[in-house]
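Residue numbers (our numbering), protein chains in the order written: chain R, 20 to 355; chain X, 8 to 292; chain H, 873 to 1121.
If you are wondering where the hints come from, they were derived from the structure by calculation, not from laboratory data. In this text the structure is predicted, and so the values were computed from the model without any measurement. Errors might be hidden in some of the hints.
Said to hold, decoys possible - Covered by chain R, according to a simulated footprint, are these stretches of chain H (three or more residues, beta-carbon under 8 angstroms):
#, stretch
1, 938–945
2, 957–963
Stated by the list, open to error - If you want a taste of the chain R side facing chain X, the calculated C-beta under 7 angstroms gives, among others:
#, residue
3, Pro134
4, Ala146
5, Leu153
6, Tyr319
No residue lacks a Cβ here, since even glycine has one placed at the ideal position from N, Cα and C.
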Amino acid sequence: MKRILSPLGRLILPHLRGRIGWALLAAGLLLYPLVFTGAFYRDVGVTFLLAAISASAWNIVGGYAGQVSVGHSMFFGLGAYTPLLFYSLWGWSPMAGIPAGIALSIALAVVIGMPTFRLTGHYFSMATIAVAELIRIFTSTWTFVGAAIGLQGPATARGWWDLTFRGELPYYYIFLAVLGVVLFTTAAIERRRFGFYLRAIKSSERAARSLGVPVRRTKMQALALSAAFTSVAGSLYVTKTGFIDPDSGFGILISVQMVIVAALGGAGLLFGPLLGAAILIPLQTATNSWFGGGGSGLTYILYGGIIVVIARFEPGGLLELWHRVVPERWRRAYAA
Amino acid sequence: MVAVQVIVGGLLLGAVYALFSSGLTLIWGMMNFINFAHGEFVMLGMYVALMVVVWLHGGPVIFGIAAAVALCALGIAIYFSLIRHVIRGPMLAQILSTFGLALLLRYSAFYIFSANFVSLPQNSMSGTLNLAGIYLPVAQLVAGAVAIFLTMSLHMLLTRTTVGSKLLAVAEDRTAAMLMGIRPDRMQALAWGLSAGAAGIAGALMATAYPWSPSVGETFGLIAFVVVALGGFGSVLGSLYAGLIIGLIQAVSAYWLGAIYKDIVVYGLFVALLWFRPQGLMGKA
Amino acid sequence: MLLEAQNVSKAFGSFRAVAGADLAVEEGEIIGLIGPNGAGKSTFFNCIAGDTLPTTGRIIFDGQDVTRASPEAHARAGIGRTFQVPATFQDMTVLDNVMVGAFLRHSHRNDARDHARQIVELTGLRPDQPGRSLGTPGRKRLGIARVLATGPRLLLLDESLAGLTPTELQEAIALVRRIHAMGITIVIVEHIMEVIMTLTKRVLVFNQGHVIASGTPEAVVRDEAVIEAYLGRAHRRPPPVPPPQAGEG
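All chains should be modelled from the sequences, with the hints used to inform the complete structure.
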């Protein structure tokens, strides 16, 4: 018996070890709201998922391709406004606005990427911050989209398609499913040519070009994909809050959160954003409640400080730190 | 008459824009580095002026110098503690470093000074002049004039003095400069000091004429980007022309379209520049 | 004729870095480009490689006009180049680095990986080594491996053998020979005379933007104009003294 089992074991176990890590993570995420049933805990869970989705979306262009967008809120806001716009104008289900948000975000991505991707990375970063701010101010003056007051969604659900649920649970699982899609897509990219090209571009555009990598086109595709996912994140956000205004849609703090969540956990790594969100969202919730009203001010001072520290000492984030500090042997033993 | 007033007002403000933007363009030209916290330097200059007036009862000259010195020191400190390390690293680190710094400075200011708009108490520069039917606040006039003078001085410093040529040498070819006995580290620190100092004094100048809050840093930062993009990255003289033009465009847009549109026009101009002429009026891309 | 450069000039403002240079390379040759620093050979090289746009002239590769083609297009057409200072993809392993090159011809990951593995073996590197841990010789070799994986017909080596110890240099020369044996045409820009003498069959000498001599390495090395270019007028050899006739003396 032993002679049959042990070679089998040697074949199966390595696969299982990797899969065990994934399975544990998936199980944990799936069971979380069933174990922690309080509204507060579920709410934190939903916020965590949303932050993880946004940051993972940013990660594709900012972490993997190295094109640092500090204005990603523009895509988030487009995805947030279109569902409520369709509802306010024609009474349609907010879901109808989601594809429109994606289409607009991709179009905006092209508009920004086309001129800036042929110049150095700084231009792209500056453009993202300027365009996001431009859209924010413009939205706050345009009465068609509610100007500074914003838009509201259905107060009570007319059906499941309005995506207006009373409990947290449905939101949690919908968001979790979307996170799964984003992570799965990112993992698929990592393994394929596109992922290799992204990482090459991040390291050295000149070298990548000399090896035949279509640099501009690849950056453009990464940005478009990232924009699309970010737009979906924005749409998810409004299904939950039922309300949007220029600041909650296009504000700079949304962009900041995406960047810091991804960078803290590990930009350019699959689970970096997830780790970052797992640390920052509970932290944010805690500081907001400790400091009361002044909490958000201190939170952003803290965010700024964290970003500076990451940039100065460990741009690869915590996961990168883990990879460097923990010796190879240990890591292989615990590796997912 | 109102039109002329709008134009002159816009140019005067534009001169101040030129002053702080020349600091940003200096850093770009020297180190291929964009300082996302530059607007915050201007904002801090304004608060330094306020503190000098409130605590030390200093006049414009005193708080102007104080703002310049304080921000210059801050700039040098930031260079040595942060910039020097990230400049050789990945792009992500470079951009995050000053972006995070901007947040840190901005929200610290919100925390310390509150979000209320403030302005300097009555001082020697209050009051309005009547020049041939145009009413100009003295403060705006002085601010604009001093700003033009200082920007030109910076340009002269860079192009006519030994220190200036050393700075430009490091910008052009770091290694060659080292071989000629120039210490690039020192020159870059100096550049940061000049850059931040210019921003600080521009802030102090604006504080005499306009109210502000910690939120203005973000706006000034973006304006600096537009000015530098229009004037050409690396060109102080370009910043001067571009600053005046931007100030003018802003004033005219506010007058024609309404105050809320003045920033939209300027940012829109920035996007258009990126599309059609990233190298700006006088610089290299 | 695999590569033809016709009357290529490159001017930076009023400075003419290259003035009317011609080059014709048949398939299977190994050609050297030499010349003192600032002679224009690197600029000319960059024109052929697609990194610099010539002011005038044409560059024709395998019948295609590639004068204005981008570096990516050059790679796709079959012209590969190395850089003096190779930019390794630090966050990736050696194998992954080479795979980036391999993906040009193999869109599927497994095919690209197999091809890359072959190349890595050929160049004597270790596939799982992190890119950042390589020393100078390793990085240069990786630079060659990466571009090899793109399946070039013409390989442009830009001082890829500089900065190596004598042993490393011999290994590198052997590698270039192996590459040549695979049927790849090679153009080398080099300062190291040993490389030029042992590897190349034909050499072009640049000075001040012009091609001042062309021929076999042995002939070129003895050429008056070449010696003058490198060492200056004073070092021109005096005219040969006729041997004393027998019976005189």
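- Query: Checking against the hints above, which ones are violated?
  - Reply: none
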